[in-house]
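Participant: Work out the full structure, taking the sequences as your base and the hints as a guide.
Going down the list, the protein sequences come from chains V and D.
Okay, so the first sequence: first residue is 1 according to the working numbering, each after it adds one.
Okay, so the second sequence: first residue is 1 according to the working numbering, each after it adds one.
Please keep in mind that the hints were generated in silico from the structure rather than gathered at the bench.
Derived, one-sided and incomplete: chain V residues facing chain D with beta-carbon distance under 7 Å:
(1) Val41
(2) Leu44
(3) Phe47
(4) Ala79
Heads up, the beta-carbon is just placed ideally off N, CA and C, and yes, glycines get one too.
So the chains spell out like this:
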Amino acid sequence: MSLRSPLRRVTGLGSARGGASHWYAQRVTAVALVLLGLWLVASLATFDGASHARVVEWLSSPVSSALAVLLLLTTAWHALLGLQVVVEDYVADKGTRTVVLLAVKFALAVAAVIGVLAVLRIAFGAAA
Amino acid sequence: MAQRARPLSPFLHYRWQYTNTLSILHRITGVLLSLGFLVLVYWLVAAAGGPDRYARALDVLGSIPLQLILFGAAFAFCYHLLNGIRHLFFDMGRGFELATARKSAYFTAFGAVALALVVWFAVRAGLGGAA
Numbered sequence: 001m002s003l004r005s006p007l008r009r010v011t012g013l014g015s016a017r018g019g020a021s022h023w024y025a026q027r028v029t030a031v032a033l034v035l036l037g038l039w040l041v042a043s044l045a046t047f048d049g050a051s052h053a054r055v056v057e058w059l060s061s062p063v064s065s066a067l068a069v070l071l072l073l074t075t076a077w078h079a080l081l082g083l084q085v086v087v088e089d090y091v092a093d094k095g096t097r098t099v100v101l102l103a104v105k106f107a108l109a110v111a112a113v114i115g116v117l118a119v120l121r122i123a124f125g126a127a128a
Numbered sequence: 001m002a003q004r005a006r007p008l009s010p011f012l013h014y015r016w017q018y019t020n021t022l023s024i025l026h027r028i029t030g031v032l033l034s035l036g037f038l039v040l041v042y043w044l045v046a047a048a049g050g051p052d053r054y055a056r057a058l059d060v061l062g063s064i065p066l067q068l069i070l071f072g073a074a075f076a077f078c079y080h081l082l083n084g085i086r087h088l089f090f091d092m093g094r095g096f097e098l099a100t101a102r103k104s105a106y107f108t109a110f111g112a113v114a115l116a117l118v119v120w121f122a123v124r125a126g127l128g129g130a131a
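Facilitator: This is how it looks when you write it as structure tokens:
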């Protein structure tokens, strides 16, 4: 979404990049993660020891597996926005910065997709 | 060309105090939680691999070095959670009064340690000593 005012767009002044959307997305994902994070901790706390069956039972519920997928995607997105700012602040050289940012994005995307597929595999009963 | 003395970045001449301590801790815990995300994915992949694979992963996660790392992750989670909520109030323009900001800072710092102990023990018990 664009948070730039119509006047800014017309005059072409101000930042040409997506600072406002970045800031806003960071906060929206933050609020979502407060809820999803507490849900994850509360869920793990109800597990009865090291039982694999309990994990399978947990993620077999559509509600749990949906929230788990949302948690993975939202965490990856929030982490991406946050790590991007950290990298941009501390890596001065533009070439190095681009390489590091790409590496961070690829790593988070790979981890998130692997996590989602693991959840779906359990949800669809392929891990019993 | 003669160069006038340029203004210095804030971090070069500001006194170290609690506000920037909390701020930099938010960054550090955020970076640590990104690594914790990889541990979460590892745990899910192990669970998707069946009971044997899962039991082996819990053994790995239950080892002493990983227990220390996971306690650090629990603290990072609780700190980032509480300070994140604190920052959401700042974003709404609330809590900037010195007394309030100081109070919320202490609540965040000590609350995070207390909450981390609760989370760590609860999750540890839930996962059979391997969390």
